[in-house]
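Given the sequences, and given the hints that come with them, work out the whole structure.
The listed protein sequences correspond, in order, to chains A and B.
Counting in my numbering, the first sequence runs from 1 upward without gaps.
Counting in my numbering, the second sequence runs from 302 upward without gaps.
Keep in mind the hints are simulated off the structure, nothing from the lab.
Here a beta-carbon is modelled for each residue, glycine too, at the ideal position from N, C-alpha and C.
Check before you lean on any hint, since a few could be wrong.
Residues on chain A that point at chain B, a partial pick, calculated with CB under 7 Å [as the list claims (entries may be wrong)]:
hint: 1; residue: E28
hint: 2; residue: A127
hint: 3; residue: P154
hint: 4; residue: F242
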Amino acid sequence: MPSVSSLAEAAEVLATAHAEGRRLTIGESLSTEGLDRILEHEAGDLTCTVEAGLRLSTLQHALAEHGQRLSLDPPGDPTVGALLARNQSGPLRHRFGAPRDLVLGVTLVLADGTIASAGGKVVKNVAGYDLARLVCGSQGRLALIARVSLRLHPLPKAEQSLAIETDGAASVVRALLGSQLQPSALDVLHPGGILVLFEGSPRAVKAQVAAAQGLVGGVEVDFEAWDVSRRRQSGARGRLRFDPGRLDDTLRGLAEAVVRPSAGVAYTADEQPSDTVSQGGIDQLIERIRSELDPNRVLAA
Amino acid sequence: MALRASFVLELQRALGATHVITEPEQLRVYECDGLTGHRAIPELVVLPGSTEDVQVILRACSREHVPFVARGAGTGLSGGATPLAGGVVVSLARMNRILEVDLASQRVIVEPGVANLDVTRAVVDEGFFYAPDPSSQQVCTIGGNVAENSGGAHCLKNGFTVHHVTGATLVLPDGETVELGGKALDPEGPDLLGMVVGSEGTLGIVTRVTLRVVRTPEAVQTLLAGFETTDAAGAAVSGIVAAGILPSALEMMDRLTIEAAELAVAPGYPAGAGAVLLVELDGVSAQVEEDAVEVERICADCGAFEIRAATNDLARALLWKGRKSAFAAMGRVATDYYVQDGVVPRTRLPGVLRRIEELSEIHGLRVGNVFHAGDGNLHPLVLYDAEQGETERARDLAEAILDACLDAGGSLTGEHGVGMDKACSMPRMFSERDLEVFGRVRRAFDPEGICNPGKVIPTPRLCGEVPGPYRVHPLERMDVAERL
Chain A
1 MPSVSSLAEA AEVLATAHAE GRRLTIGESL STEGLDRILE HEAGDLTCTV
51 EAGLRLSTLQ HALAEHGQRL SLDPPGDPTV GALLARNQSG PLRHRFGAPR
101 DLVLGVTLVL ADGTIASAGG KVVKNVAGYD LARLVCGSQG RLALIARVSL
151 RLHPLPKAEQ SLAIETDGAA SVVRALLGSQ LQPSALDVLH PGGILVLFEG
201 SPRAVKAQVA AAQGLVGGVE VDFEAWDVSR RRQSGARGRL RFDPGRLDDT
251 LRGLAEAVVR PSAGVAYTAD EQPSDTVSQG GIDQLIERIR SELDPNRVLA
301 A
Chain B
302 MALRASFVLE LQRALGATHV ITEPEQLRVY ECDGLTGHRA IPELVVLPGS
352 TEDVQVILRA CSREHVPFVA RGAGTGLSGG ATPLAGGVVV SLARMNRILE
402 VDLASQRVIV EPGVANLDVT RAVVDEGFFY APDPSSQQVC TIGGNVAENS
452 GGAHCLKNGF TVHHVTGATL VLPDGETVEL GGKALDPEGP DLLGMVVGSE
502 GTLGIVTRVT LRVVRTPEAV QTLLAGFETT DAAGAAVSGI VAAGILPSAL
552 EMMDRLTIEA AELAVAPGYP AGAGAVLLVE LDGVSAQVEE DAVEVERICA
602 DCGAFEIRAA TNDLARALLW KGRKSAFAAM GRVATDYYVQ DGVVPRTRLP
652 GVLRRIEELS EIHGLRVGNV FHAGDGNLHP LVLYDAEQGE TERARDLAEA
702 ILDACLDAGG SLTGEHGVGM DKACSMPRMF SERDLEVFGR VRRAFDPEGI
752 CNPGKVIPTP RLCGEVPGPY RVHPLERMDV AERL
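Here you go:
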């Protein structure tokens, strides 16, 4: 598998495939693992710019030395590029969002070798089209993501997880989301369990845990409890999206799942029909974007 | 270019004659938005009442190759809604209904003409609010907010419009509709919604928007600290960030803007302050209390000579009074002023402020600074007197300030948008290739180039053949050697 380690190399490999009418699949027939540098980490700005082949764990380790993190915790250890391309998130999605919420800018290499940047490295910026968000969820089929600027958060001074066993997950979730508590993560481990994570100063975490217990009960558990959630998410065979207010109905129809109730997303043990079905207009629009960015369909799956 | 009579008739039949404006006197109302320096009288203004109406309008425009621009409340500051001579203005003013309040899902579905603050009004009794709070929130519309990806004083912690829009119905320039997102997050495929938000009305017209509303925080605390200098206040900002505290708002005003505010609304800010820092904290009580103590300590350590705290709405309003009036107050110290909107990495603020001071002296014009210090978004106010022939010099100074922001690795615009105002400045931040790729994406949505043309992406016709001096994009700067 060809592996690229610079923008110029990536542009050359793609442009050649474009000229020869060959197909490439990023991460399979074209590796970005050589693009693995942290280009800039300005701790005082809570931002960083990295190459997209960098592993998430490597990035987190480097950031932790400065008391910071990228608030994305998907299962596994994707490269930053894959994280964006698959729009992956984990339990922290509840409070901090998905890659599209934390990406500030990108440098892309288009299939014809064009190198283009969008966004920037500052947290506030509305100049130009937000291609950084566009490539989130693009599955590597619009362009190669070469560099990414990201918004960071300080590592919390303290954290505590709470596990609640219940037959009525929907009403527990309703009580928690209706309260003024601010958990960082809230997963339903269906059937029967709920996990909540509080982060902040030691005193504030203690106060939130006590308030949550007063509201919905539950016992304090170690952070390792979240492994179950991540394991179930990575082992899921289906994904289901639902109106967050319809959690009760949704859970009734599911056998086993890890559910992010505020996002309205469930990762299910059973297969689910793709939610892109009957979105004809969107498919055509995406196809038009694709033929502008990749006319020779080098990156078509 | 005059529109064909049959075109006008077709729209009159579809929308009703009262919703199609052709009278020159009435058309003049739409000649500009908040960027009043750019004006053009549209050929026609139409007021659709539904998604279907918008589809009819855009199908007709597409068939006849008539350019159009969508318009909300017209409060935009970059000329995003400036009409195109010979074109159609699509005013969304009639589409102002709140369609659904679904608090179980924490979502509200609205038409684009709904005013920003009305979303919060619809849910506040139940203990929720809509977070993005641009300063024009009383009148600016959700449609305009979506177009501009509007921020507000509290976006430092709460995020921008893009973080609070979960779904939208988009009418493409050819009149077809697409449903983007919905109440649930993370739809499959590329994040089209995330790109449409902030595309300044150049990719279509949004006719229905699903918004996320959030629970009002348990506690809010506002602190105001007076410093001798902006450097000292800047050091406090760095200290707060370094302590791992994320305020919901972190605003700074310098001596000139404080003086103007005192003349205009007399907020009674600390006497003789060279800089005032406004810090708002929200969240769970225990955290807010602890952070407030820490912020006070940091401010004191950095030389704050007076610190005031507000824990109720009345006292809070008093602390915010000067900041909220800052732009308008400038009228007290100058006949004319130009508001710039640049961004720098927060750590570069002190250097850029010093540079602005130098530039101010070089150009012989005063500059007031009021800004969102937490996210490095500067709003330098260049004061001048048009009657004294200072307009040109003021514009040069504003441009020089923008260059200083870009040199520091920042952005052309943090929240006001590119629109017409900065389209020709885009080559200073983006390379020709970057802009060419923007053009490709735009073409996928609008192959005929009729959707708000001349905005965002510079055109030779608009800017002349020679683009301004290109600056290395912040993302390229780190590895210039690899630039092809």
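Hint by hint, here is what the structure shows:
{"no.": "1", "hint": "E28", "in the structure": "19 Å, violated"}
{"no.": "2", "hint": "A127", "in the structure": "4 Å, holds"}
{"no.": "3", "hint": "P154", "in the structure": "4 Å, holds"}
{"no.": "4", "hint": "F242", "in the structure": "6 Å, holds"}
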